[in-house]
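Visitor: Listed below, chain by chain, are the residues.
Number of protein chains: 2
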Amino acid sequence: MYYTIRWDETAVSMLDQRMLPVQEVYRHYTNYHDVADAIRSMVVRGAPAIGIAAAMGIALAAIKSKINNINDFKSEMLQVCQIFASTRPTAVNLFWAINRMRNIIEKSEDIDACKNDLVHEAQKIHQEDIEINKKIGEFGQKYIGDGFTVMTYCNAGALATGGYGTALGVIRSAVEHGKKIKVYSCETRPYLQGARITAWELFKDNIDTTLICDNMAGHFMKKSEIQCVIVGADRIAANGDTANKIGTYTMSILAKAHGIPFYVAAPISTLDPDTPDGNSIIIEERNIDEIAYIQGVQIAPEGIFIKNPAFDVTPAANITAIITEKGVIENPAVTGIGPLVNG
Amino acid sequence: MYYTIRWDETAVSMLDQRMLPVQEVYRHYTNYHDVADAIRSMVVRGAPAIGIAAAMGIALAAIKSKINNINDFKSEMLQVCQIFASTRPTAVNLFWAINRMRNIIEKSEDIDACKNDLVHEAQKIHQEDIEINKKIGEFGQKYIGDGFTVMTYCNAGALATGGYGTALGVIRSAVEHGKKIKVYSCETRPYLQGARITAWELFKDNIDTTLICDNMAGHFMKKSEIQCVIVGADRIAANGDTANKIGTYTMSILAKAHGIPFYVAAPISTLDPDTPDGNSIIIEERNIDEIAYIQGVQIAPEGIFIKNPAFDVTPAANITAIITEKGVIENPAVTGIGPLVNG
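Heads up: the sequence lines are chains A and B, in that order. Each step along the first sequence adds one to the number in the working numbering, with nothing skipped, and position 203 is 203. Each step along the second sequence adds one to the number in the working numbering, with nothing skipped, and position 250 is 250.
The hints are simulated quantities; they were obtained by calculation from the structure and are not laboratory data. Certain hints may be false.
No copy labels: a pair is met if it fits in one copy or bridges any two.
Straight-line Cα separation of at most 16 Å, EDC-like style, residue types lysine to aspartate or glutamate; simulated pairs [claimed, not checked]:
#	residue 1	residue 2
1	Lys180	Glu76
2	Lys307	Asp208
3	Lys204	Glu302
4	Lys66	Asp8
5	Lys307	Glu225
6	Lys204	Asp117
7	Lys64	Asp112
8	Lys182	Glu76
9	Lys142	Asp277
10	Lys74	Asp112
11	Lys180	Asp208
12	Lys180	Asp205
13	Lys142	Glu302
With the hints as extra help, turn the sequences into a complete structure.
Guide: As structure tokens, then:
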């Protein structure tokens, strides 16, 4: 059985998602700098998963530290937190997980106790995430009718989280409830998370999955082949506007135009009451070679301009419901995230 | 200077578009079967260009024929027409060009005269196509304001036609009229005509072009970075419904949702009064390995279901205007193609 990420006493191990679907290769990092690089270079990706990876990276830095003065240790560890905070800008779960680790560092008065607490907290974040996803799945599966074909985008699956998945957790839960469902997975250019990762993990679970190109979504919606869309999220602003993988906004417009429900599944840690709306969300721009080359093969002429925003913002008005482990916000355009973050 | 296709006395030469943008390789076919294969395997693609290729392939078959009985010759040539008619099903220009050749065959009473006439007709179809594109460009450029950023999809350029292009002909004409314009080229999965071909030919012409992934179109429209969309067509039904490269429909929905004009540029030979509406258009399904592999690199798990429709249908209601060499149909949803085919 595969795993996304694992704490291995003196190392952080993770599946190298860049090698999927052809090779299942695990990396074992014994140095926190390598964990930060793994987040940056998308060995591990997905908002909840990079939160867990950062927490484990900080725990790794702690147990490897040779400093024996508590103040110097705390100062070094806060710098480590800063390094992880700079790896990727859009997913708020990253900052949420780092904050949990930072709170422990700031309160601590003893190096060994602090190291133990950080290791324990990182594992707790991981375990909690899996439990959270199962709750999201349970709340979300009520929206998936028997016989539905569900479209998903990017990968909000076991491999984007500690395990089970958010959007794919809802699909897994529906299957566990005995519903016969089919999945359309959009390939999700440029990084092809839908083709390489979602298709791979659903195929492993024997869930009936059809891969399509992103530009085919409208065509299949028009042919009434899709009954709902479900995606994950990287950050949900106070008004319900949702940052997720580039292309999600396009899918939300298509769903709306065809009268198809559009669901966002995400843990509470993705909700960001400090960000008023989508305009305030920082959108990461990634290297243009991710578009110009596909696994080393050049597909664009040398010297052409390319734009590569990694995320876009879906306005709350295009979202039918936001599904979390604490419950569901229907019509988030009306209430924003208030019903859950204030509750 | 590159060319799409050329009649070379005893051969048909064409740029192998599968090798772009890395290599500029020309193929020289001396056997009509190889020309038919070149159409099937997309060495040459684009509705007007495959019409020209089929016409030249038929001319090639004629001059290579060793038959010296006129009736046997005509019968052989009609079979050749049939072979070309079976290469690809969606683009109506293919059948239009074959019909022009078939009319000559059916009327002919002398083998040598027929051979001459077929060679002449194929070259005429080619020459006329370039002139037609320049007229389309002239009519179309009026819709492109100075300073516009124009989004285009797939390749409706010099390499989809005898030269100059339909949608890209409109862009070229706007540039020739001194307008400063920018182009956003959608990469167009799975065959990547936008990344490999449109970006390549516009870059050669020093037209300011930015490559984006198909799923980014909505994001850039929302940011008001795009003032209009212009695409080609493979078949336009009597009511104005338009078959074009898969994904065009999705772009038309996005344009409509953002209040952005959506233009179709195509020669009259693309208008098909015999097809009442989009539901009657046959949509080619291509090999799923075009999605599972990108130039030999596997991007999808072995055994996963994949769908690969090559075209979709944009309803007339999503089209602001259809631009042809005979004039423009504004609001085709109101009139269908009647104003031009009956005119």
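Visitor: Compare the structure with each hint and give your call.
Guide: Hint by hint, here is what the structure shows:
Proximity of Lys180 to Glu76 under the C-alpha cut-off of 16 Å is found in neither arrangement, the shortest distances being 52 Å within a copy and 54 Å between copies. In this assembly of identical chains, Lys307 and Asp208 lie within 16 Å of each other by CA distance solely across copies; the values are 13 Å between and 34 Å within a copy. When the C-alpha separation of Lys204 and Glu302 is checked against a cutoff of 16 Å, the pair qualifies only between copies, where the shortest distance is 11 Å, while the shortest distance within a copy is 38 Å. In this assembly of identical chains, the alpha carbons of Lys66 and Asp8 never lie at most 16 Å apart, being 19 Å within a copy and 77 Å across copies at closest.
For a Cα distance limit of 16 Å, the shortest separation of Lys307 from Glu225 across copies, 12 Å, qualifies, whereas the shortest one inside one copy, 32 Å, does not. Neither within a single protomer nor between protomers do Lys204 and Asp117 lie at most 16 Å apart by alpha-carbon distance, with minima of 35 Å and 60 Å respectively. With identical chains, the CA atoms of Lys64 and Asp112 are at most 16 Å apart within one copy only, with a shortest distance of 11 Å there and 88 Å across copies. In this homomeric assembly, Lys182 and Glu76 never come within 16 Å of each other (Cα to Cα): the closest approach is 49 Å inside a single copy and 49 Å across copies.
Taking identical chains as interchangeable, the C-alpha atoms of Lys142 and Asp277 are never at most 16 Å apart, the minima being 28 Å within one chain and 39 Å between chains. Proximity of Lys74 to Asp112 under the C-alpha cut-off of 16 Å is restricted to the intra-copy arrangement: shortest distance 12 Å within a copy versus 93 Å between copies. For a Cα distance limit of 16 Å, the shortest separation of Lys180 from Asp208 inside one copy, 9 Å, qualifies, whereas the shortest one across copies, 49 Å, does not. In this assembly of identical chains, the alpha carbons of Lys180 and Asp205 lie at most 16 Å apart only when taken from the same copy (14 Å versus 53 Å across copies).
For a Cα distance limit of 16 Å, the shortest separation of Lys142 from Glu302 qualifies neither inside one copy, at 49 Å, nor across copies, at 32 Å.
When each numbered hint is compared with the structure, violations occur for hints 1, 4, 6, 8, 9 and 13.
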